[in-house]
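A.B. asks: Letter by letter, the chains look like this.
2 protein chains.
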Amino acid sequence: MATLLTPGPVPVPPWVQAAMQQPVIHHRTPEFEAFYQSFLGDLRYVFQTSGAVAASLGSGTFGVEMAMYSLFQKGDKIAVLDMGKFSGRWADYGEVLGCEVIRLQKPWGETWQVDELMEKLKPHGQLKGIVVTHSETSTGTIVDLEAIASKLRVAYPEILIVVDAITSVGAMPYYHEAWGIDCTVTASQKALMNPAGLVLFAVSENGRQAMRPNDPGDFQHVENYLTSAEKYSFPFTAPVIPLYGIAAALAYIKKETLPVIWQACHQSAQVFRRGVEEIGGEVFSQYPTDSLTAFKMKDGDIHALKSILEVRYGWKLSGGQGELKGKILRISHMAEAHEGIMQQVLADLKLSQARLRA
Amino acid sequence: MATLLTPGPVPVPPWVQAAMQQPVIHHRTPEFEAFYQSFLGDLRYVFQTSGAVAASLGSGTFGVEMAMYSLFQKGDKIAVLDMGKFSGRWADYGEVLGCEVIRLQKPWGETWQVDELMEKLKPHGQLKGIVVTHSETSTGTIVDLEAIASKLRVAYPEILIVVDAITSVGAMPYYHEAWGIDCTVTASQKALMNPAGLVLFAVSENGRQAMRPNDPGDFQHVENYLTSAEKYSFPFTAPVIPLYGIAAALAYIKKETLPVIWQACHQSAQVFRRGVEEIGGEVFSQYPTDSLTAFKMKDGDIHALKSILEVRYGWKLSGGQGELKGKILRISHMAEAHEGIMQQVLADLKLSQARLRA
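In the order they appear, the protein sequences are chains A and B. Going by numbering that gives the first Met the number 0, the first sequence wraps up at 357, each residue one higher than the last. Going by numbering that gives the first Met the number 0, the second sequence wraps up at 357, each residue one higher than the last.
Extracted from the complex, chain A is given alone in its bound form (with noise of 0.2 Å):
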């Protein structure tokens, strides 16, 4: 079977595979509890935050929609970046929602600048809040998070800023607390080398406080979690397996640190992009992002590429999604996917053109 290289799911290490192998244990117990703390602990290190995180099960569009449902209510005035397939599901979930949208449109493949942002908000007043996804998975763009909250928070002392965090933390420089992000959501299938299955939250005590009345049996509702972890205890039938699966990625990266985690996947991502305009390539995000590489190729067949490198090669790509099916691949940079794994798939990716020419 080939490898995958999909920008999630990734591969799952052999030693989260044996973390899922622990037998079940009952989430009313102490044991769960002991377990649950030393979880939060870490998962507070992989935010960068001291303040409130707790897990759900999900897959990532779930994790973003829980953080809008929880924050967000009808006619409340939000804007989202609107950059891909995935910003721009935010938007239109928010209209699922009732609010009133400032839908912030780029060509996929372009960013949102921090002064441009900010001009384009203006005249729109007072906002609620605003959804920002730090890495477009569909376009492998990134945002200059660090400095659009920055200055978001100077304009909009109030403003809820809602992460869609899923291909970033984990994989590059992120910091919930010292960014003053209200809520960040990632996922399991991503750089936390999991299963897909589980979504994972960082919220601000301000976030906490604007969050809508929590019925307590609402799934979907956030704070239903966030209370339950304070006690170490899960709100609904915990997903001890999953959970112990991620909770073996969280004690591996802090055992490696973050920056030496950032610093691997920044290499593989670097090492890739020069390679692959070397031979003929083109990266497609004019502000590509660390954790994925969308990229183009001059002359050929994207897809007979893409089966090329699968089927003789052994690697799994995926392809474009929407406006950009059939014109680009997406490679990951995350967990395994290292420099070394970069320098055999370019070497492939050679040998794939010139088997397509010939």
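Hints in this document: simulated from the structure, not taken from any laboratory. Keep in mind that this is a model prediction, so the values were computed, not measured. A portion of the hints provided could be inaccurate.
What the hints assert, rightly or not - Stretch-level coverage of chain B by chain A, calculated; a stretch enters the list once three of its residues show a Cβ under 8 Å from a Cβ in chain A:
(1) 53-64
(2) 185-196
(3) 209-218
(4) 234-240
All C-beta atoms in this analysis are idealised placements derived from N, C-alpha and C, irrespective of residue type, glycine included.
For this one, chain A is given, so just place chain B on it according to the hints.
C.D. replies: What follows is chain B alone, placed relative to chain A:
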């Protein structure tokens, strides 16, 4: 570690754990489609339906909330049988949705008889839907779902019948299609012998027609999962590893056949109920379900008994929830908690009592 005899989560058999060790495949591939096609076929057998079925991430709570959210909207008049912690939660959630909820309460441990139920509903006129908990896990109580669904269908031809079958599908006779249920919900950590984390749906054609408009990005909308399932695909990132685990359980149930599995569960319940009364216990529910037994012991501290059983004899049972906290114990009869295990627990329960009296 004590053997889990809690009525969920149940222990995960080694062959389910082995299935979850398979490598992650990408969810946008022919391999995933072939896998999910076979998965859905087996799931139809377990629900006893030829109609639409699908899986989603979630705990059981989220599954029922998804069903209610998809089918009922603000202002809809719905009835909810409220006979315990879980069925009561669905009434609460109906109110979160803004429905006009007719809360059909019974003291915990009692059940609704079909004629009494129909009488009670009469003055309320037309109903959009009803939520029935087939087997109430907090009290160990069953309702005669077949009879209730059949009379409801005659009196209210258009009514949408939503069933919480979380501790019934795979444990006792359940016929989604033949009984005319519109939406059945079950969860992974009960009779399906898996870790918590997945919910499963069977939906009638009428149910699908009656659903609210579905935004394709809405994680909570059941129709998104059903539409994708028609193409053997998943609307969001598919939780491949948990799906592998469920696939193994579904294939096992199909091979063993449902009647054999239902009978084993029934037999386990019969043996335990008879045995516990012989040693001075009392079955709590007046209409006990087969998937678990809630029981009292005439004398002695229930906390101390639970603790001795766990620490001294290695059997982990559940206590009571809500108003039954400290008053009852609950034991599972699902999956591997078969008759032979019940005999052992009964012997140890007798010894534990003696130890407490000494």
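A.B. asks: Tell me, in ascending order, the numbers of any earlier hints that this structure violates.
C.D. replies: none
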